[in-house]
Every structure is written in structure tokens, then in C-alpha cells.
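*Asks:* Each chain, written out:
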Amino acid sequence: MAFLELKNVSKSYGKGSSKTDVLKNINLSVEEGEFICIIGFSGSGKTTLISLIAGLIEPDEGEILLNGQPIKGPGPDRGIVFQNYSLLPWLNVFGNVGMAVKKVFPKWGKDQRATHSKKYVDMVNLTPALEKLPAELSGGMKQRVSVARALAMNPEILLLDEPLSALDALTRGTLQEEIEKIWAREKKTVVMITNDVDEGMLLADRIIPLKLAPNATFGPEYRINIDRPRDKTALNNNPEFKKIRNSIIKYLMEIGSEIQDNSKDLDFTLPDLKPVEFN
Amino acid sequence: MNSNLNKIEEETTTEVISVSEPTPSKTAKSPVKQSAQNHVPQAPKKPTYERVIKLLKMVGLGFLESLIRLIVGDDPKRQLKRIWLGVGVPLIAFIVFVVAWQITASTLKSDLGKIPSPSEVWGQSEVLWKDHVNERKKEKAFFERVEKRNAKLLARNPQAKVRTPAYTGKPTFIDQIITSLKTVFAGFLLASFIALPIGIFMGLSKTLRIAINPLVQIFKPVSPVVWLLLVTMFVSALISQNIFLGMPKAFIISFISVALCSMWPTLVNTSVGVSSVDKDFINVARVLRLNTWNKIVKVVLPASLPLVFTGLRISLSIAWMVLIAIELLAQNPGLGKFVWDEFQNGSTDSNAKIIVALFVIGSIGFALDRIMVVIQKMVTFNKNDIA
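In the order they appear, the protein sequences are chains F and G. So for the first sequence, our numbering puts the first residue at 1; every next one is plus one. So for the second sequence, our numbering puts the first residue at 1001; every next one is plus one.
Rather than coming from a laboratory, the hints here were simulated on the basis of the structure. Please note: incorrect hints may appear among the correct ones.
[Unchecked claim] Here are some chain F residues pointing at chain G (derived, C-beta under 7 Å):
| id | residue |
| --- | --- |
| 1 | 57 |
| 2 | 67 |
| 3 | 68 |
| 4 | 70 |
| 5 | 71 |
| 6 | 75 |
| 7 | 100 |
| 8 | 102 |
| 9 | 108 |
[Unchecked claim] Covered by chain F, per the in silico footprint, the following chain G stretches (three or more residues, Cβ under 8 Å):
| id | segment |
| --- | --- |
| 10 | 1166-1179 |
| 11 | 1191-1197 |
| 12 | 1298-1311 |
Don't be surprised by glycine CBs; every beta carbon is placed ideally from N, CA and C.
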């Protein structure tokens, strides 16, 4: 049995005529320790999907099982890293991580909690910034705190909602490597959402494209059997990498052109007007 | 939320990530090495004067920054320009104001008397202070006399009943200031005690918000005068003694009226602040499965504190404004009564004394606001956004 399972999950927002079906018949099964990347255009319902797994919203139809148990509401067993960091701005780095640790391990003593929090802050290389407030950190540092906070809860599964999309390319590259290292060490199951094919190719065991909302479903999955750790520069010459990458991009372009075809129906007739001449 | 970060702060703390070209960094002492991919620059230890400046900014004396920088010789040209802008320009404006006042005072005259000139006002402020000092001396002398008399009585007859009568001198200007400050503090405290809990509950429950909001909207614009009359009626009906729980009745009436007039901004801001907490923060609380109490204490309240404090600041300035009017109208002790007494008095120096009171009232109002800013900066997280 799969570790995380989504069975015929559908979700729509709104009611009556303004109802939009975002996700339709989503089926997914993730094995323990697997790294899954879900890739899609913006607005394709990716965040809705991750919120469903996190339990922040409930599916209209279908069910989501973790370890065979249906998910009821959010919980620290699914560590989530939000797209916009979601750090509490009045707590410093240590406080943000420590708050989560305190909630998840209430029986621990103060020292044990502090050691645990510091271990994860150190894992994301932020020990020098332990006492800093989020406002004093750069985007990449904030995101690392967010990752540390999620990991410190010792979750069974790590959900990453476009964690790197707000960052510049250089910071992105560093953090991708860090995420892979942490994944290799912690042996956590990871579901990551991204809009970057290369990022998915570098990190994932499987890449699953999400078609566009409304009624978004999964496209064909791509399995990446490239040895780890994957070297970014070496990958560029790997024939398998090139093959898979090209087919994913081709697939995404196809979905993309579908939208453009759809938008052709929206033809506006412009009024026959001429500018007034002032003579 | 903190989008308008302090630019300078961002510069000094931004992480340096080097890949191929080491970028010249302002903070890192040595050039960034190729291997230091996750290097987080430690802020260089700041000199003492920087810490002094930080402290001054914290207590609202930020305008002294340039002066200190000038003394330690940090870019003197720029500091002089900033001092000119920050201190010189306001000073010139003030001088222009005083000169215009002097000219007006010497030309305008009416049946009610003439407008006192700045020098007369200054003179009267000294008179008011001397009055206060003299009054204190008289009081001291009075008690000394009483003591002597009592001692004499006791020497003659150890069983004699001695008593110390209360001193019944007229309250001085300084006494009135102290009374007003006590009253505004009591009123503001009561307003906060009422408005903060109700505001929090209104923010948390939409039903409660819908239920109470119309009442708030109706009560909010009611004139202080009406509240004063109502409170006077209620307090007089409920309390028959002149001193209740050690407080004079007039004081009770004043501070309750002040509270009822000034609590609304705190109430509204608290409910808005609590109800509009960033959804991301709530999601964090949900993922951590915080219970309701922890959710409120650890997430909702800290997140809404900036708005709550803005409300408290407005409330305090309204409280001070309203208090003077109430004292004036109800003849309750305080600065308002002082102003009214001087107006009724009609002596030649009364007008000057009223203007002294005007400046004192204004300065105290300003000081109260600055105190709130300092507290706000100490407890809320968006320190850089507070003006």
C-alpha cells in the first residue's frame, strides 16, 4: 500500500453559476521516501492540491489517505513549507523553529527543545542568524527557516509549495542543493510543487505535470532514473536527462497551446471610432 | 507585511551567495570565498555611538542622531545639512510664528481685553510657577504651626484630643496639571479595560461583530458633552457620598466620561486587527494544531498588536482632548477648570495665563503620544514602520 494516496479527489470553489472546478479526479500514490515533483502553470491548482494534502482545505469528493488513514485537518505530521515563508515576524529564527518544536514535543525539557531547534537551524546553515527577526533576513534565508521549521516538527511527509519560486536564480541553485542533501539525510517523503522543469529534474524521482484548471488532472508521469547526487552541470550532457526534459517541455507546451486555442474564442469587436481632429 | 523594510537594514544583512564572481560586500570583511556558499555574514560590531543612536531612536529622540554623528565626525557635511533640516527649519518657523504673534498682539484690541504678547505669556508662566512655590511654602508653614500647637496642647494635658485639619489652600496650576494627568490616566486605563477584550472578541467572532457594530457606530460620534451629562446622572444616582473608595465624585465622573468618549478607536482597531490577521499566520497555527487560547495568545494578538496600538494612541489623544473640555464644563478639578476660572476671573493677566495653559496642554498631549510610540516600538514587531 502506498504511503500517501489521493483517490478521485475533486475540489471546486464558489457556488452556483460562479462555481469553478479547480481539481477533478486527481489520483496519486506516493511511496515512502519518494521525492515527487508536481509541475504546472501558475493558476493550474497546484497550491490547492498541496493545501488539500496538508489538510488546510477539504476535498469535495474523493479521499486522501496517509498511511492508510484518511486525513482530518492539518497537523504537524505533514510539514508544509509555504510559498511565502509564513514566518511569524515577531519571533526570531530560533523562536519560529522553537514554537513548532514546543508544540510537537510538549514533554521535552527546555534544553532538549533548544538543542533540537538549533540542530535544524544548523542544518539549513543559519546558525549565525539564530537571533535575527524575519524582517532582517533575505528571501532565501527566510525560506530556509521555513524549511527548518517544517523539518523540526519531524513530519512523516514534507510538503513544499513552490518554495523557491520567489527567489533569484543563484539563491535557488544553492537551496536546491540543500534540499537534496537534507532529503538524502532525513529520508523523508517529499511532495514538491514547482513551475521549473529543471528544478524537478534535479530533485525528483517522479515528475507529474498538472493540467490547467478548470478541471485540472494529472498528465502522464515521468520517472527520473538518474543517479544521485545529481550534478547540475553534468546533467546537461546526460542523454537521458535531455530526453526526459525535452518530452516534459513538449508536453507542457502542448497544454500551453491548448489555452491559447481556447482564448481565441474570446474575440472582441472594437467599436468603429475615429479620434477627433482638432483643426 | 513588512514590505517597506528599512533599506539600509536589508543591505547590511542580505546574505551573500557567491558562485563565480565574488561580489564586493559591504559587511563581510574578507572577500567571499568560492566555497562559502552558505555564508551568512556576521554584522560587524557596531561602535558605541551607533548603539546610543539606536536607543535615542527607540525613545523618540531620533533628531539627535545627526548631532551625535557630527560629534564623532561621521560625514560632517551631510550631518550639518540634516541638522539644518531637522532642527534649523522648525526653529525658524517657530521664530516666525512668535514674531507674527507679537505683531498681532500689539495691534489687536477688543472689549474683552487684548491678546497677550509672547513676553507677557512667558512672564505669566513664571508667575504661575512662583505661585505654586509660595503655596507650597504656605502649606508647609501651616502644618508646622499645627504641629507646634498640638505639641503644646499635649504638653499641657497628655489626654488632650489633637487633630490635624486639612490644608484648604487653592490648588495651583501645577496641582491642576497633576490632577488632569491622574484623571486622563484613569480614564484611558478604564477605556482600555473595556475596549480591548470586547475588541478581541469582536475580531474573533463574526456574529459578535455584526451584532455589536451598529451600537459602536452609533455611540462613537456622540459628543463628550452628552456622555458627561449621562455619566453625571448615573454616578450621582448611584453614589451619594462625596468621596467614594477614596476618590472624589468629580474625579469619578471625569474619568468615566473620558473613558466612554475615548474607547472607540481602540475598540474598532482591535476588532479590525484581530479579524484581519494574515491568513498565512493562521495556517501556521492550524498546521501546529494550536488550541484556541494558544492561537489567540501566540499568533492572533502579536499579529494584531500594531493596529491595536494605533487605536490606543488615538484613544489617548482623544482622552486628553476630551478631558480638558469635561473639566471646563463640569467644573471638575483640572486644567480645564483652571482655564475656565481664569476666563471668568477677567483680570488683566488672565488671558496670558490661558495661553500658558494652552501651551502646557498641547505639550502634554504631544508627550503622551510620544510615550505611546516608545511603548509601541518596544512591544510590536514592525518597529521600522512606526512614525
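*Asks:* Run every hint past the structure and note whether it holds.
*Replies:* Going down the list of hints, with the structure as the test:
{"no.": "1", "hint": "57", "verdict": "violated (10 Å)"}
{"no.": "2", "hint": "67", "verdict": "violated (18 Å)"}
{"no.": "3", "hint": "68", "verdict": "violated (21 Å)"}
{"no.": "4", "hint": "70", "verdict": "violated (17 Å)"}
{"no.": "5", "hint": "71", "verdict": "violated (12 Å)"}
{"no.": "6", "hint": "75", "verdict": "holds (6 Å)"}
{"no.": "7", "hint": "100", "verdict": "holds (6 Å)"}
{"no.": "8", "hint": "102", "verdict": "violated (9 Å)"}
{"no.": "9", "hint": "108", "verdict": "violated (15 Å)"}
{"no.": "10", "hint": "1166-1179", "verdict": "violated (count 0)"}
{"no.": "11", "hint": "1191-1197", "verdict": "violated (count 0)"}
{"no.": "12", "hint": "1298-1311", "verdict": "holds (count 5)"}
Of the numbered hints listed earlier, those contradicted by the structure are 1, 2, 3, 4, 5, 8, 9, 10, 11.
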